[in-house]
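Visitor: Construct all of the structure, not just a fragment, from the sequences and the given hints.
Quick note, in UniProt numbering, the sequence shown goes up one by one and the last residue is 277.
Keep in mind the hints are simulated off the structure, nothing from the lab.
Take these hints with a grain of salt, some might be off.
[Said to hold, decoys possible] With a Cα cut of at most 27 Å, we get these calculated BS3-like pairs of lysine-lysine: (1) K111 x K96; (2) K270 x K72; (3) K96 x K242; (4) K44 x K81; (5) K177 x K263; (6) K177 x K111; (7) K270 x K111; (8) K72 x K87; (9) K242 x K81; (10) K266 x K72.
For clarity, every value in this text was computed on a predicted model and none was experimentally measured.
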Amino acid sequence: MMNYSALPRKGTDAYNEIINNTALLATGIDSLDTILEGGLLTGKIYEICGLSGSGKTQLCLTISNNVAHNFKQQLYYIDSKGDFSGKRIQEMLEAKNCEDEVVGAVMERIKVTRINNIYEALSFLHHLKNNLQHEQDGQHSLRIVILDSISVLFFPFIGENFNEGLSLMQQLANIIKYIVTEYHLAFLIVNLATRIDDDAAAATGEGYCQLSNRGTTVIEGMRPAIGKSWLDVPCTRLMIHKINSGEMRQITVVKSTYLPTEKQCKMEIKARGIVAI
Numbered sequence: 001m002m003n004y005s006a007l008p009r010k011g012t013d014a015y016n017e018i019i020n021n022t023a024l025l026a027t028g029i030d031s032l033d034t035i036l037e038g039g040l041l042t043g044k045i046y047e048i049c050g051l052s053g054s055g056k057t058q059l060c061l062t063i064s065n066n067v068a069h070n071f072k073q074q075l076y077y078i079d080s081k082g083d084f085s086g087k088r089i090q091e092m093l094e095a096k097n098c099e100d101e102v103v104g105a106v107m108e109r110i111k112v113t114r115i116n117n118i119y120e121a122l123s124f125l126h127h128l129k130n131n132l133q134h135e136q137d138g139q140h141s142l143r144i145v146i147l148d149s150i151s152v153l154f155f156p157f158i159g160e161n162f163n164e165g166l167s168l169m170q171q172l173a174n175i176i177k178y179i180v181t182e183y184h185l186a187f188l189i190v191n192l193a194t195r196i197d198d199d200a201a202a203a204t205g206e207g208y209c210q211l212s213n214r215g216t217t218v219i220e221g222m223r224p225a226i227g228k229s230w231l232d233v234p235c236t237r238l239m240i241h242k243i244n245s246g247e248m249r250q251i252t253v254v255k256s257t258y259l260p261t262e263k264q265c266k267m268e269i270k271a272r273g274i275v276a277i
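Guide: What follows is the structure in structure tokens.
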């Protein structure tokens, strides 16, 4: 029986490990860091959700650029849509008057992996887990992983293949939870949002975002894609949407295990990336 059981561990040892390895990773967008109470917390899974064209990828590119440039941290960008743009990263850095040497160093810190399906995503994450496991004494420079986007991976399983997709989703959730907990990373996942009919939402209860700090609900008019099975996986869900037809955006905390919900911030897409307004 002992061969199949976890090894016992002192609670104080586990507590001290968390204290020593937990960090806040500022996104570099002041208004977003404010509602996140400092930034992305290691050991947590975050989701940025929004309609097509709302600026989700621009937000991820900006955070990638800021983490690699401002804080000189390494990150992995898992690209399932082919939307990662090195040219856009370069444009952001040039707008900040960065020299070519700095641009090259930032590009080096952003490790891009392109995947075509859920099987490649799982394979890469297991490979990443093994690499982190072999790092000496847990000392690694990787602090954040970005997956853009999860919804693309599960669209092929809508309909007859639903059960297979559900099983793969659970596998994905398990490996992500293991990585962020064991290796003290922050994981940012992009998910598509879909519009819902308000009357249908009121009748079925779908589209409501539970505000756990006050026990009330709010109809957002949008809901995350890929179904209810995924809803509780991210510890914090952020909803991004356009304020007008221009480049202004608003982000709202619609679900979190540790942040007040309904907190909002405004930002704008510029040449140097997304900036607070």
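Visitor: May I ask which of the numbered hints given earlier this structure violates, with the numbers listed in increasing order?
Guide: Violated: none.
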